[in-house]
Amino acid sequence: MTKIKLKKFVGNTPIYIPLLIFTLFCVVPFVVVISGSFSDNASVVSNGVRLVPQVFSLTAYKVIFAFFSKITRAYGVAIFVTVIGTVLNLVIMVPFAFAISKREFTFGSKLTFLIYFTVMFSGGLIPTYILIKRYLGLYDTVWVLILPLLASPAYIVLLRVFFQSVPKALYESAAIDGASEFQQLIHVGIPLALPGIAAIAFFSMLMYWNDPYTAIIYIEDSELFPIQILLTQMTQYINYIKSNASASGGLISSPADIPTTTILFALGIVASGPMIFVFSFFQKYFIKGLTAGSIKE
Amino acid sequence: MKKRTKHQRKQDRELFLLCLPTTIKTLIFAYIPMVGIYMAFVDYKPSRGVFGSEFVGLDNFRYLFQSIDAQRIFSNTIFYNVLFIILGTIVSVTLALLLFEINNKVALKVVQTSFFLPYFISWILVSVILQSLLDSTGLLTNFIYSITGTKISFYTTPGYWRLIIVLVYLWKSAGVSAIIFYATLISCDKSIYEAAEIDGASRWQKMLYISIPYLKRMIIITGIMSGANILRSDLGLFFYATQDIANLYPTTDVIDTYIWRILRKSGEFKVGTAVGLVQGVVGLGLTLLANKIIKKVEPSAALF
Amino acid sequence: MKKFCLALVMVLSVFAFMGCDNKEDDVFTIEYYYIMSGTFVPTDLAKVQDEINEILIEKIDAKVNLHPISAWSYDERLNIIINASDYFDICYTSSWTNNYFRNVSKEAYYDITDIVAEYAPNLYQAIDPLIYDSITIDERLYGVINLQVLPRTAGYTVEKESWDAYCLETGFSADMVQDYTDIEGYLAYVLENDPDAYNILVPFDPAGIVIGLGFDNIYGMQYPGSISVTDDPSDGITVVNQFATDDYRDLFRTAVEWYEKGYINEDVLTEAADYTLAYSWMMSTWKPGAEAEEFKRSGNREMLCIPFSDSVMYNNWTGSNINAISTNSKNPEKCLEFLDLLYTDKELYNMLVFGLEGDHYTKDGTRENYITAVENTNYSFADVGWQFSNQFNSYLTEYQDENVWEDTKTINENAEFSPIMGFVFDYSEVELELANCYTVYNEYINSLLYGIFGTGFETQYNKFLQKLEIAGVNSILEEMQNQLDAWLASK
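In order, the protein sequence lines correspond to chains A, B and C. Sequence positions in the first sequence follow numbering that gives the first Met the number 0 and run 0 to 296. Sequence positions in the second sequence follow numbering that gives the first Met the number 0 and run 0 to 303. Sequence positions in the third sequence follow numbering that gives the first Met the number 0 and run 0 to 490.
Rather than coming from a laboratory, the hints here were simulated on the basis of the structure. On a predicted model such as this, the values are computed, not experimentally measured, just so you know. Ideal placement from N, C-alpha and C gives every residue a C-beta, glycine not left out. Treat the hints with care, since some could be wrong.
[What the hints assert, rightly or not] Quick list of in silico lysine-lysine cross-link-like pairs, BS3-like style, CA-CA up to 27 Å:
#: 1; chain 1: C; residue 1: Lys345; chain 2: C; residue 2: Lys362
#: 2; chain 1: C; residue 1: Lys466; chain 2: C; residue 2: Lys490
#: 3; chain 1: B; residue 1: Lys215; chain 2: B; residue 2: Lys108
#: 4; chain 1: A; residue 1: Lys167; chain 2: B; residue 2: Lys205
#: 5; chain 1: C; residue 1: Lys362; chain 2: B; residue 2: Lys264
#: 6; chain 1: C; residue 1: Lys466; chain 2: B; residue 2: Lys264
#: 7; chain 1: B; residue 1: Lys205; chain 2: A; residue 2: Lys2
#: 8; chain 1: A; residue 1: Lys283; chain 2: B; residue 2: Lys215
#: 9; chain 1: A; residue 1: Lys132; chain 2: B; residue 2: Lys108
#: 10; chain 1: B; residue 1: Lys44; chain 2: B; residue 2: Lys264
#: 11; chain 1: B; residue 1: Lys171; chain 2: A; residue 2: Lys283
#: 12; chain 1: B; residue 1: Lys215; chain 2: A; residue 2: Lys109
#: 13; chain 1: C; residue 1: Lys58; chain 2: C; residue 2: Lys159
[Claimed, not checked] Some chain A residues judged to face chain C by a derived CB distance under 10 Å, without partners named:
#: 14; residue: Val44
#: 15; residue: Ser45
#: 16; residue: Val90
#: 17; residue: Leu124
#: 18; residue: Ser221
#: 19; residue: Gln232
#: 20; residue: Thr234
#: 21; residue: Gln235
#: 22; residue: Tyr236
#: 23; residue: Ile257
#: 24; residue: Thr259
[Claimed, not checked] Derived list of chain C stretches under chain B, where covered just means 3 residues or more per stretch with a C-beta under 8 Å from a C-beta of chain B:
#: 25; stretch: 81-91
#: 26; stretch: 96-109
#: 27; stretch: 265-277
#: 28; stretch: 442-456
#: 29; stretch: 459-473
With the hints as constraints, model all of the structure from the sequences given.
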């Protein structure tokens, strides 16, 4: 290596070492989850999970695939909810955040307080349940999985910070050119706040995808269960057939084989797999330099 | 209200329209049910409804304040939340700054993806992994035994769990929070960095004098927002990851886990509502206080 | 601002109309919520429900809408339904799920005192009035009790093969087990012959030890305050903190010993008990035919069930298997008729539990009353038949002895009654103390039952008792004693 390269390498170590440590910190447990999902249940119960399966086994996945039609259905519901939910979420949050980011907006801080107040105070489960079921008629519909979660105040405030970093001069020059507030949003605000919007969009998708509560409370029709709920049910199912071997329908040969623990790992992979792919799609917005810079127009 | 020009009124109207959908959603889904908070003050009987039930003043609050574990759950809750805010911010900002220094696209993608991975591991899975590390046949237990000869029983010693919980918390959320700070950094104007480079600034000087000030607003806002939840805790971490093992309560029992157990046993929503009210009032107080202070120091970073 | 308010009102009024009722059915439909054993609603539920409704329309001019809910979510769902005052007609309720007494105090259940004898005569008369007293509050009744095995008997389930080998070698036998400590020889034997055994003994069951030691709880098993079933009212009955008694202290100490000896799994705190690998466990409800259920729970191994305590009708447990009707029910009389029909109509009962002949089960040609379930059946509530008014109606499946219902009836008839049978405790004055005692119980009970305190046992046990005192156990005991004395005097 040349002297310069060596210097650069050494210079970079304070950057790379901590990052490497933290990256391993994050990745290793995930590898353990993958390993656990391909493990034999008995070894996991007695010795715990390891980086590599001690005894390789596909039982956990076999059980999951026995429910293939239920799973595809649940995936479908979850994807619909996540996509529609996130799009809707952005449509109503982004303009709001843009508006309150403008200091001249007379109602800005009052509206911010209005939505942020709901973070601290809530009627609780029962009043919300009564509203949603009895007055809005959303019980047992797919919309109950989407609507109540919209417009999270925390996301809105974060979006506001991103919009605040857009130089005021750019809005003013657009206004001089005759742009309405809406047009300012579209042509100036959004392009410049794009990394932030992308981040919030991704968080929004995570929120919908990982939501474990809404369906349990508001959905009775099993056709409408999203993937997280179905996976919880499958875990319970596995525990049930442990004490009732006949109910498994010959799926598993011996009681010792029932993957009560490894199923959790396999389900973890099944549940999170798609989101990892989705994230790769969003990553292009997080590459530095891609979006900033196109301001000077 | 100060007098508004015609132009101002037009602008306000347009901006308000942009705010309408969110406002309506919030009013319907959050404010209408909010009247139910009154349940905290009554002996709630479902058939009589919230407003038809008998008023009992502060009776429902006794279950929290006169709980035999009241001191413990309050101190644990506040202790952890304060620690989380401080440590969480330091770690996330550091990670974001480090990430900002990476130019290699591949490395960037790999590291970013890894930051999110812990988020995908559900809390129940976390509890299983912790078990693999910490129970009597656990990896860590065996490792410590082979080095020091003592067999530590993690699940019966509350002391270790202060550290374990903080580590697990950072592991789960630091990476995800770092992305927010990172997105802030990359939205900035590059020319300042270039100018500093020309002036001969080192990497560390750039970080200290440009990047960190640039993140100031985001750090303050996220700090204030954490204040709203000062008495709340993540059940996933404190209940599921610890497997609700009673021996560990001295260091793992927080307000939310305590109330959660009571609710599960008795189904008394009036108690849960009362506790939620207390958490909200304290959160509001803290938020308003922090907001007032920040307004004097750094107005653009104030919440409202 | 004004325009905004107008818009808001318009939007809200649209939503106001969405909650309107659909047109009513001609025939009254009973919404029935109960527990199912598996996690997924049976695919043939609608089919079986239609057949059931044909019978119902003919016999009582009503229909039923079945809402089976998995055991894992039942508590949660019913909690919401009851607290949000959602509509339902009948729900299953007891002391261990969807708490009956709590819901009565919440005015969630219909007062059937005046109509039960008329509309559910058979069901109502099947249970001794003294047992009904135990769920009668302020002279009003809010639910009907299901008929099944009524007294409680503690026992042990042991793995048959090793037990037989042990008895052969030592001359021991099942009737020599009179007390919870008497199986120690067997445990040692198992350990000797199978040193790597996972769980030789599953840790003591909290309900099992209460019954095994003969305490009848006044408020619930997680709370201090009980009497001994051997107490005689004529001598006066004293309410004690059972956790502070020598009986309990000795039992906890035994747990410590057995944990040290290795009978209990070392990782018992974090690892759920594996009944398919364990050799023995305590049971709180021994009954004739228990072997058939334990066979399934043990992962299809042959087990032997050995009772060791007397069969007693406990005040705390016996009446605790109830179907209640909602205060909002539009036709409570019809609901009672339905429950009564389940009691009397064997065909209806079995249709609800097992499904349709041919589709879900086949009748055994040679033995009367026996059936075999179809493989991969799309319908079965076989595990939960005790919810449906009269378990003695049930067909028998393999592994059940043909006399099982007769034997159970004999036990029902011959069991002793607890001296406080029929006493209902009014807990309203000591609610906070009870909640605090529950917190303390919850914090210590697992460690005490598992015996993991080791040498620190005395310290921890005393801490437990001290904490109970701080939580107000003495006020609770005093209140219970006063109410009990008053009740005894009035009889």
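Evaluated hints:
Using a Cα cut-off of 27 Å, the hinted pair C:Lys345 and C:Lys362 holds, with the two alpha carbons roughly 15 Å apart. Under the criterion of a C-alpha separation no larger than 27 Å, the hint pairing C:Lys466 with C:Lys490 is inconsistent with the structure, at around 36 Å. Proposed proximity of B:Lys215 and B:Lys108 is supported: the alpha carbons are some 26 Å apart, at most 27 Å. Of the supplied pair hints, the one linking A:Lys167 and B:Lys205 holds, its CA atoms being roughly 25 Å apart against a limit of 27 Å.
Taking the CA atoms of C:Lys362 and B:Lys264, the gap is about 42 Å. The hint is violated against a cut of 27 Å. Between C:Lys466 and B:Lys264 the CA atoms are separated by roughly 20 Å; this keeps the pair inside 27 Å, and the hint holds. For the hint linking B:Lys205 to A:Lys2, the alpha-carbon distance of about 24 Å falls within 27 Å, and the restraint holds. Taken as a hint, the A:Lys283 and B:Lys215 pair is honoured in the structure, with Cα atoms around 25 Å apart against an allowance of 27 Å.
The straight-line distance between the Cα atoms of A:Lys132 and B:Lys108 is roughly 44 Å, outside the 27 Å bound, and the hint therefore fails. Distance restraint check for B:Lys44 and B:Lys264: the Cα-Cα separation of roughly 17 Å lies within the 27 Å cut-off, and the hinted pair is therefore satisfied. Using a Cα cut-off of 27 Å, the hinted pair B:Lys171 and A:Lys283 holds, with the two alpha carbons roughly 23 Å apart. At most 27 Å may separate the alpha-carbon atoms for a hinted pair to count; B:Lys215 and A:Lys109 meet this at roughly 23 Å.
Restraint check for C:Lys58 and C:Lys159: the C-alpha separation of about 47 Å exceeds 27 Å, so the hint is violated. With a cut of 10 Å, the hint placing A:Val44 at the interface with chain C holds, because the nearest CB-to-CB distance is about 7 Å. A hinted interface residue such as A:Ser45 counts as satisfied when its beta carbon comes closer than 10 Å to some beta carbon of chain C; here the least separation is about 8 Å, so the hint holds. Hint status for A:Val90: violated, given a least beta-carbon distance of 17 Å to chain C, over 10 Å.
A hinted interface residue such as A:Leu124 counts as satisfied when its beta carbon comes closer than 10 Å to some beta carbon of chain C; here the least separation is about 7 Å, so the hint holds. Annotation: interface hint on A:Ser221 holds; nearest CB of chain C at approximately 6 Å, less than 10 Å. Restraint check, A:Gln232 versus chain C: the minimum CB separation of about 5 Å is within 10 Å; hint holds. Taking 10 Å as the C-beta cut-off, the interface hint given for A:Thr234 holds, the closest approach to chain C being about 9 Å.
Nearest Cβ of chain C to the Cβ of A:Gln235: about 4 Å, under the 10 Å cut. The hint holds. Satisfaction of the interface hint for A:Tyr236 is found here, the shortest Cβ-Cβ separation to chain C being roughly 4 Å, below the 10 Å cut-off. For A:Ile257, the interface hint holds, the least distance from its beta-carbon to any beta-carbon of chain C being 8 Å, beneath 10 Å. At its closest, the beta carbon of A:Thr259 sits 8 Å from a beta carbon of chain C; the interface hint therefore holds under the 10 Å criterion.
Residues of the stretch 81-91 of chain C with a Cβ under 8 Å from some Cβ of chain B number 4, which satisfies the need for three, so the listed coverage holds. Counting residues of the stretch 96-109 of chain C whose beta-carbon sits less than 8 Å from any beta-carbon of chain B gives 5, enough to reach three: the coverage restraint holds. Coverage of the stretch 265-277 of chain C by chain B holds [criterion: at least 3 residues with CB-CB distance below 8 Å; count 5]. Counting residues of the stretch 442-456 of chain C whose CB lies closer than 8 Å to any CB of chain B gives 6, so the stated coverage by that chain holds, three being the minimum.
Restraint check on the stretch 459-473 of chain C versus chain B: 3 residues with Cβ-Cβ distances below 8 Å, three needed, restraint holds.
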